[in-house]
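Here's the letter readout for the chains.
Number of protein chains: 6
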Amino acid sequence: MNSVFVEDMDWVNYRERTYDGSQRIIIPVGAIEQHGHHLPLNTDVVIPCHLAKALAEETDNLLVAPAINYGYKSQVQSGGGNFFPGTTCVSGSVLENYLYDVMDAYLRHGNRELILLNGHFENAAFLAEAADRLTEAYSQRGVRVRVYLLSYWDFLDEALISELFPDGFAGWQLEHGGVLETSIMLHIDTARVKMQRAVDSEPASFPPYNVFPPDPDWVPASGTLSSPIAASAEKGALIVDHCVANMVSHFGYFR
Amino acid sequence: MNSVFVEDMDWVNYRERTYDGSQRIIIPVGAIEQHGHHLPLNTDVVIPCHLAKALAEETDNLLVAPAINYGYKSQVQSGGGNFFPGTTCVSGSVLENYLYDVMDAYLRHGNRELILLNGHFENAAFLAEAADRLTEAYSQRGVRVRVYLLSYWDFLDEALISELFPDGFAGWQLEHGGVLETSIMLHIDTARVKMQRAVDSEPASFPPYNVFPPDPDWVPASGTLSSPIAASAEKGALIVDHCVANMVSHFGYFR
Amino acid sequence: MNSVFVEDMDWVNYRERTYDGSQRIIIPVGAIEQHGHHLPLNTDVVIPCHLAKALAEETDNLLVAPAINYGYKSQVQSGGGNFFPGTTCVSGSVLENYLYDVMDAYLRHGNRELILLNGHFENAAFLAEAADRLTEAYSQRGVRVRVYLLSYWDFLDEALISELFPDGFAGWQLEHGGVLETSIMLHIDTARVKMQRAVDSEPASFPPYNVFPPDPDWVPASGTLSSPIAASAEKGALIVDHCVANMVSHFGYFR
Amino acid sequence: MNSVFVEDMDWVNYRERTYDGSQRIIIPVGAIEQHGHHLPLNTDVVIPCHLAKALAEETDNLLVAPAINYGYKSQVQSGGGNFFPGTTCVSGSVLENYLYDVMDAYLRHGNRELILLNGHFENAAFLAEAADRLTEAYSQRGVRVRVYLLSYWDFLDEALISELFPDGFAGWQLEHGGVLETSIMLHIDTARVKMQRAVDSEPASFPPYNVFPPDPDWVPASGTLSSPIAASAEKGALIVDHCVANMVSHFGYFR
Amino acid sequence: MNSVFVEDMDWVNYRERTYDGSQRIIIPVGAIEQHGHHLPLNTDVVIPCHLAKALAEETDNLLVAPAINYGYKSQVQSGGGNFFPGTTCVSGSVLENYLYDVMDAYLRHGNRELILLNGHFENAAFLAEAADRLTEAYSQRGVRVRVYLLSYWDFLDEALISELFPDGFAGWQLEHGGVLETSIMLHIDTARVKMQRAVDSEPASFPPYNVFPPDPDWVPASGTLSSPIAASAEKGALIVDHCVANMVSHFGYFR
Amino acid sequence: MNSVFVEDMDWVNYRERTYDGSQRIIIPVGAIEQHGHHLPLNTDVVIPCHLAKALAEETDNLLVAPAINYGYKSQVQSGGGNFFPGTTCVSGSVLENYLYDVMDAYLRHGNRELILLNGHFENAAFLAEAADRLTEAYSQRGVRVRVYLLSYWDFLDEALISELFPDGFAGWQLEHGGVLETSIMLHIDTARVKMQRAVDSEPASFPPYNVFPPDPDWVPASGTLSSPIAASAEKGALIVDHCVANMVSHFGYFR
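Residue numbers (our numbering), protein chains in the order written: chain L, 1 to 255; chain D, 256 to 510; chain X, 511 to 765; chain R, 766 to 1020; chain F, 1021 to 1275; chain B, 1276 to 1530.
This is chain L alone, in the form it adopts within the complex (with noise of 0.2 Å):
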């Protein structure tokens, strides 16, 4: 069995591989939600299970758990807003609770170190919130754990931002089925991206400040931030390349 993912294991498998805690679990942690007319609902799904492989396939001491495929809400100015079609969101502290309970699993099988990777901008907070509070509890029971909190976008530097955006970069809210994403997925799995489709536009500009319920006039009405028309495999491949080696130079031993 020379899968890296946790899926496709037997338990004796599992058992041989992470009995004496020497694995780490990556745990994918994405959204449903709409990411303009050209990218599929589950874009931040597939964009942190394919970084996770190609970062376990790097190294030998990482496994890829099943991905949490439901995230928090969208909110307007990262992600469009949660009154989408198709967008299908999950409340802030139930996010919070079922990944609490994925990860206390996988600690309970003598795993020691946790790493979420996370592609859906709005679920930072919780995340942190799931990981702070279980890491708190092993540490009044005397047991040492560590989870890791990483949104996959962070690991790209100035100098690469620069080259993809010459014209400027506006920020990672406002890279909502943008270049970024777009290119990824193109690099991915072309079939997936309908670039015919793409809708080329402005990137939004919003108020300083947030509005409850929602407000859809202040979205795009193609549901993008920014526009993907620049997106290609390419760029996709040179995020990808760049952000696994990043990734790796980071988590490729363990600390």
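A portion of the hints provided could be inaccurate.
[Unchecked claim] Below, in silico cross-link-like pairs of lysine-lysine (DSS-like), each with a Cα-Cα straight-line distance of 27 Å or less:
#1 X:K563 to R:K818
#2 B:K1328 to F:K1073
#3 R:K1000 to R:K818
#4 D:K449 to D:K490
#5 L:K53 to D:K449
#6 X:K563 to X:K745
#7 B:K1328 to F:K1214
#8 R:K959 to X:K563
[Unchecked claim] Chain R regions said to be covered by chain F (calculated; three or more residues, Cβ under 8 Å):
#9 846 to 860
#10 885 to 898
#11 903 to 915
#12 975 to 983
[To be verified] A few chain D positions that, by computed beta-carbon distances, are all more than 10 Å from chain X:
#13 V267
#14 N268
#15 T314
#16 E377
#17 I416
#18 F420
#19 A425
#20 T445
#21 R452
#22 D472
Just so you know, these hints were derived from the structure itself, not from any lab.
Positions of the beta carbon are idealized from the N, C-alpha and C atoms, including for glycine.
For this one, chain L is given, so just place chains D, X, R, F and B on it according to the hints.
Same frame as chain L, now just chains D, X, R, F and B:
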């Protein structure tokens, strides 16, 4: 876009398919749980996803949602117990609340009927409670919605069971990792089943009660509650065909 | 003080009996739920209380706690449904948490083994979850405790079932308000059963799934899921004797 | 069927009595809590059940529901404290949520007025919160319901208190296990009171604050907060008659 | 830095003061609640903050934490009711959990004793529950901590009450917006009291039970439950001096 | 009564101001958190309270509510971390629920628009979730309400930032205890800032991920994430004026 999978659609496709409330959304709910030495840990996810796809392809008003991968805690008498390496489960109220929010999100899109297709015996009570609370909340607001709760094994009739188990059938609870699941998995993807590792054994025998914390000595060492040795891809095909045909007879039209 | 009921003791008696951890506390858990035209609404409370008393009187290390009167929501296929007048049920997590606290309180007194004696089919999953979470919490603190979970009908063996149901046995779920419960109630207190009101009917027949909100048309008009007509006090005596003897064989000594 | 107890009815009886919303349901809420060396642990259940029955029998639109047996944690200054053997209590939010669901179930039957008859001092705030949240939820749906919250000792007027306590009355909190409760229990069922074990003592005296964890040294060794020695069945009859008459004057008709 | 207020310190000051566990932290807990026509909405915050400061300045091991501004729902018989404009309250479990976390944070700093100084009658049960659960959690981990729960009016003795209320004292519950609170506020800051707007009235009179939803007709139109007319700054000074002296006698040294 | 502070009003004033729904309520939400050696622990409370007052005084339909003093857990990369002495924070769901209830209370008074003015970076996701859930609940009941969520630093435009940080701006997260907050505090109340204790340092530098439990070694020893040395009261005045003017342009009229 002819895929039956929600995850393959973009939000415009999804809206076109669902806007008039004509579609029913099938949500497969599984578990990551040991199934003996020969089956992968995601057996309870793979099977309902496969059946949901088959069911959707036989009809014109069913779409398949991304699965809930992590389910309720494995119990000794139906899944071997939550202490097995690789068995990775969440608590009951956490599953209930996660599923509640996911279902609620699909109803907000304008869908009016959902089908929970359960692949893990222990999930049932918590799925029922989520469905009951959610439909009650919609009723209080005067919105008529319906949630159907199916466990796939309930769609096999007596005649088929007698044919599959000529020496007598010990009940669905003991089919954990046995002929039923193994045959279906052989049919779906032979490569994921390692029959050469399958352990033959008598059906598990339990006292007429449960104990907590669960006692590992109650469970056969292999983790299966009955022997998978008699499983075959042919039986799997028979089961799947029978099961899907029976589901179609119930859910092939909109009621 | 020779009563086996905790509620009859004062705290000094109770301390004398329990201080050394030698006693096991039986907690009857029932429901207030319709059982047809002929049985009182607290049938599911009366029966486990009676059996708990009988079991405690046969041993010297069992005490009977006050019952949990209100249980989990009646389901259509096992209790007729939560919409019947007089069916008065609580949600699953609420029952789980209430029972969790009650059990925790008995453990704090120094007791180390508890027996949940369930009288209501639908309670089972939530009692299991309460027991699992509680014993896990004690394990984490290094305190060894045990909770046994019993549904009384599981203590009747095949031979007795064949004797009681010579024309075939349709399963415990359909015994709601049928021969089993009616006979036991006739045995415990004939005056509480109004056999002249009992409604004869075929066993209920359900599709292989559930729907929410529940559909009252699925349920026999009487509320029972099988006919109570063949019930008798003699059968009740047989059932109770058999059940208690079997429980004593398992719980008559401290393990 | 002339019983005032819901638990004695079958669902058809219950429906006939309650269908038009003419009945009010009294729910006794007690506790399992030490009451000195001479009173049983369920004193706080027995008393409100007795008063509820008496009240219902004096009117024609009151039914008595099965009691809530386990109440909120005993506090040092009103019940001796939660550390006594036999004191078996649940946390506040758990009691609140359990009672919320029970009340909600009675309202779903079509009843529109509920009476919580409290027998345990410490329950009061949590019963109030459950009633407040529940009636608010119904108000939001435009359904007018009412919940009355009664602690029985509040129905004794100044004159009676002076008569019962000629040497001065120290307040209801110190009546835990004292003349009030002991007299009532002697009146209800003399056999359940062991006056020969009753411990004479000065009323308890506390500092003007509470401390957590509670300090057992603050509590009289007997567990009662005032002496029960002056109790008698005659006083109990007087109290019960007075209390019931006062309740009837308030709840004897439908408002 | 000689301030007794935590909020005035920087973290280095705070660490120097608290590192050895020698300090007790006083947390004032109030409410935003109507107090008649003459007192500001934050009366229940101002008073415990003032008393906490005075207490801390009389000792050398007490620090005053920032207050909890929003408290539990005003009740008709002690605060006029939650329906008054300006009365801005939270539910019981929410207050309990918020305070739980705040107290836990102070204990994590190394402090071992906390004092909850309550200024709002209705808070008491929920503060007690928070303190009970928190100290229990620390006990289970073997860490000895203490939480004291004080309502300031409990530090006034009988003699002072007789002096303040020569015509008889109706109980603390009716002191809402009356002589007690008004006098203290006049003493603390005369400018915040508008005595010319104070409404004279008889003490409120209530039936011996509560009803939910609360009935505004039960409450005096002014919102106070007794008349504030006899209030004076002199009485306020007397009350505060007396109260602080009594608190110092109990909490002026570390026990 | 000309105060803009809710807490200064009596309920009759408050009703007169708010009865017609013409007022918007600003709720400052802060934190008790270390801000280096030179700033007090309540910096994140003082600043939004000051800005709320200034904003309210510039308009005629804004009132300032009492602040939420205790906020969400300080994170290493934006606040130094929750392990600093004096940093006193609550968990995410607890903050969310407390704020939910507070906002709900203000809406019950008849107010229809609320403004959450956030002073603590880490609060944002939990405030958004509270606002989303609350406005959703009102929408379901057909009541139109709005909650605006503002973090004050978002009201400073690029030009001002360039002016304030001539050597480059490292992002708001690193402004914890730096020039921004220190300057504002100097402007508000110079006496509360101890510039002589301010520690000069390079901006903090973090890896592209988080770890739990947080690692204190990641944080500059002083607790600030950038140097406050360049702060001045003049810059503070500029920031406050700019920020308030920008807020007024957005919230100076009722939309």
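Now for the hints, and whether the structure bears them out:
no.	hint	verdict
1	X:K563 to R:K818	25 Å, holds
2	B:K1328 to F:K1073	25 Å, holds
3	R:K1000 to R:K818	19 Å, holds
4	D:K449 to D:K490	16 Å, holds
5	L:K53 to D:K449	23 Å, holds
6	X:K563 to X:K745	19 Å, holds
7	B:K1328 to F:K1214	23 Å, holds
8	R:K959 to X:K563	23 Å, holds
9	846 to 860	holds (count 4)
10	885 to 898	holds (count 9)
11	903 to 915	holds (count 6)
12	975 to 983	holds (count 5)
13	V267	31 Å, holds
14	N268	29 Å, holds
15	T314	16 Å, holds
16	E377	8 Å, violated
17	I416	13 Å, holds
18	F420	17 Å, holds
19	A425	13 Å, holds
20	T445	28 Å, holds
21	R452	30 Å, holds
22	D472	13 Å, holds
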